[in-house]
Structures are given as structure tokens and as C-alpha cells.
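Peer 1: Here the protein sequences come in this chain order: A and B.
Heads up, the first sequence is in the UniProt record's numbering, so the first residue is 1 and it goes up one at a time.
Heads up, the second sequence is in the UniProt record's numbering, so the first residue is 1 and it goes up one at a time.
Since the hints were made in silico from the structure, they are not lab data.
Among the hints, a few may not be true.
Any copy will do: because identical chains look the same in the list, a pair fits if it lies in one copy or spans two.
What the hints assert, rightly or not - Think about it this way: if two alpha-carbon atoms lie no more than 20 Å apart in a straight line, the pair counts; the simulated SDA-like pairs of lysine to any residue are:
| hint | residue 1 | residue 2 |
| --- | --- | --- |
| 1 | Lys112 | Arg168 |
| 2 | Lys5 | Pro75 |
| 3 | Lys45 | Leu91 |
| 4 | Lys185 | Glu3 |
| 5 | Lys45 | Leu15 |
Chain by chain, the residues:
There are 2 protein chains.
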Amino acid sequence: MRELKEKIMSEGIVLSEHVLKVDSFLNHQMDPVLMKKIGEAFAEKFRDKKITKVITIESSGIGPALMTAYELGVPLIFARKRKSLTLNSDLYISKVYSFTKQEESEITISRKFIDCSDSVLIIDDFLANGQAALGLIDMIQQAKAQVVGIGIVIEKAFQDGGRILRERGIKVESLAQIASLSDGKVRFVEEALAK
Amino acid sequence: MRELKEKIMSEGIVLSEHVLKVDSFLNHQMDPVLMKKIGEAFAEKFRDKKITKVITIESSGIGPALMTAYELGVPLIFARKRKSLTLNSDLYISKVYSFTKQEESEITISRKFIDCSDSVLIIDDFLANGQAALGLIDMIQQAKAQVVGIGIVIEKAFQDGGRILRERGIKVESLAQIASLSDGKVRFVEEALAK
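Assemble the whole structure, with the sequences as input and the hints as a guide.
Peer 2: Right under this line is the structure:
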């Protein structure tokens, strides 16, 4: 997606070989027009899949996922990162390890919002090791619902997540695929292939 | 806002005299069409205020705030509930006590995203004791930016937050004002006045 890659090139900050900071338009400050275009792009890629629910994890996934759900005309569910006092019964629960935060958290979805009749599209802001996506897939499978695909805003293609998910036969669509963050520079997968 | 009140009446669950659960369309599952209408309603109420930024707190505020920011054509910033490894320098910091979760958390906004030239609209899903809004106001004032108003999806008018904020001279616009949750029933402020 051209607008997204341009935004990454102009505003993304390479913090290390593994960490790209995009807090000016996605992870802390959000560009609503770009989020809308991201939602349209995902809806376009998955429109033929008869999706009934979009699912993401709080917090940075909510923006792109909400815009996608709006375009597809279905509800969005955002998995909670831990139980709150008002959401404590009848939950699907899975564990997710965050390498960025170096901690394991529990993610939960209320059982009443997915069931075996659902066809679910997962949306998330980043795909790195795939831990978050695997946790969401685990809960969707607990509900006996179908995972019809995964839409990722920025895939760090040099990490394992994309391969693991695609080897499971899941359709993964990433709007920007980063081949490398070496030397403080963002290289997209297309550039790598063009060499 | 009629659609919102109808949704609260049909899907809201009164858990106690103080707690209304709206996780089927706002706090866990989100209705994107309703979020869009909420965004349009807030934009309408604050369109003459020359707003430059919309600010909320993760997570449930992000949906309504993103749609509002989209309508107003300005960026959204969501305050983080604690420091993450990739957002650790140059932060505005404030403390917020959550009566629902019975815990104090630190909320943060990166200094690079607000400054003295900003006119900020705060958007949040609930207003109860006003702690979250006061924390956001504190950070906006640290930035020497101007708070031009607060848009609340559901105000629990029987708690103190609305009064505290309005006594400070802040324009607070709530799309639904709840007068009472007694006897397991939602009563809106308009109904109370009509008696």
C-alpha cells in the first residue's frame, strides 16, 4: 500500500534491527485518514470471504480493525489484555508473549461474541513473531469459529510470524512487508526482490 | 443521541447501581456504524472550535475518538496506560485512579505530539468520577495546550465527574446522560427531568 509505505519512510523511526517506531501515525498518534484507507484496503482483500466478525487486540490494532469492520459492515471485537472487574465470566482465554514488552499477558474474549457460525478476520498493527495472532487464532478455534484470514498493517518479514501463519494455510495479507531494518534503514520486501 | 440511547436500553446490562456494561457495542465488541455516528455527533458539537488534536485514553476511547478525529480532519492521540519499552522518553505523565479496576495507573503522552499551539478535544467512552479526564487535562496543561472541550459517549450523571469538569468552565458534551441505575434499570437524565 503506497500511502502506508511513504508514511513509514517519512515518519518511521528505526530504533534497532528489530524495532520500528511508528507512533506518529499508528501506535500512539493515529492518522485517521490513513486508518480509513487501511480499512478500505483490507476490506477489498477479504470482501469475498463472507466475514461476520473482525477481531483484534487492544490497543494499537483497534484503529485499523475498526475501519476495516466499518467497511465490511460487521462488528469489531477487541481482545482484552487482562481480565477487568466487569468482564470476568465466560471468557475465551489465551496466553501471548510480547518480545517488545518482555512479558506474558493473558488475552480474553467474551464467549458471547463468537460462536461456531462466525467467519473471523483478524486485524493487527504489526506481525513479528506471530504470538498475538496465534493467541487470537487459539481463542477463535476454542469458539469453533473459522479464521478466514489475517490482515496486518506492517509485517516484519525478517521475523518468523508470517511464515508460521502461512504454513498453517492461513491467508495473511500485509499492507507493508519489511525485509530489513539494518543500518538504521527501512527496506521493504519488494525492494529486496528487485535487487 | 437517539441511536445510542436505544442501544443502551436494548443491550446495556446494569450490573449494579454504579456499573453499566455496554460490552456488546462499545467496550469489547464495537458497532462500527454507531461509532461513526458518534464521531459525527461530536464533530458537529465541536466543529467551530478550531480543534487541532483529539485525545483519548486506550482502549475503549479509541473507537469513538478515531471516528471523531476523522470527521474533524485532525490526528488522534491515545494516551498510554503505562510506559512501554518503545515509548519511554520525553513523556507527559499523569496518574489516574480507576474505581472500576480499583487501581492507580500512570498515563502518558509523548511530548512531541502536543504543544502550546494545540487546541485539544478530549473524547472518552465513559464519564463517572472524572479521573481519566482530569489526568488528560493535566497532561494537556503540562503541554501548555488548550482544552477546548470534552466529548463523552455515556455520562453517569449521578457521579461527580460531570459537575467537577463543568465547574472548571470546560464544555462537556455527553451523548447519553444516565440519571440512575437503581433497581436494575437505566434512567436517562431527560426522563428524570420530565417527571
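Peer 1: With 20 Å as the alpha-carbon cut-off, assign the pair Lys45 and Leu15 to within, between, both or neither.
Peer 2: neither (31 Å within a copy, 40 Å between copies)
Peer 1: Cα distance capped at 20 Å. Does Lys5 pair with Pro75 within a copy, between copies, both, or neither?
Peer 2: Between copies, since 19 Å is at most 20 Å while 28 Å is not.
Peer 1: Measure nothing new, just compare the shortest in-copy and cross-copy C-alpha distances for Lys112 and Arg168 to 20 Å and report within, between, both or neither.
Peer 2: For Lys112 and Arg168, the Cα distance exceeds 20 Å both inside one copy (27 Å) and across copies (41 Å).
Peer 1: Can you tell me if Lys185 and Glu3 fall within 20 Å by alpha carbon in one copy, between copies, both or neither?
Peer 2: This pair counts as within: shortest intra-copy Cα distance 18 Å, inter-copy 48 Å.
Peer 1: If the cutoff is 20 Å on CA atoms, where do Lys45 and Leu91 land: within, between, both or neither? Let me know, please.
Peer 2: neither (30 Å within a copy, 38 Å between copies)
Of the hints listed earlier, those the structure fails to meet are numbers 1, 3, 5, in rising order.
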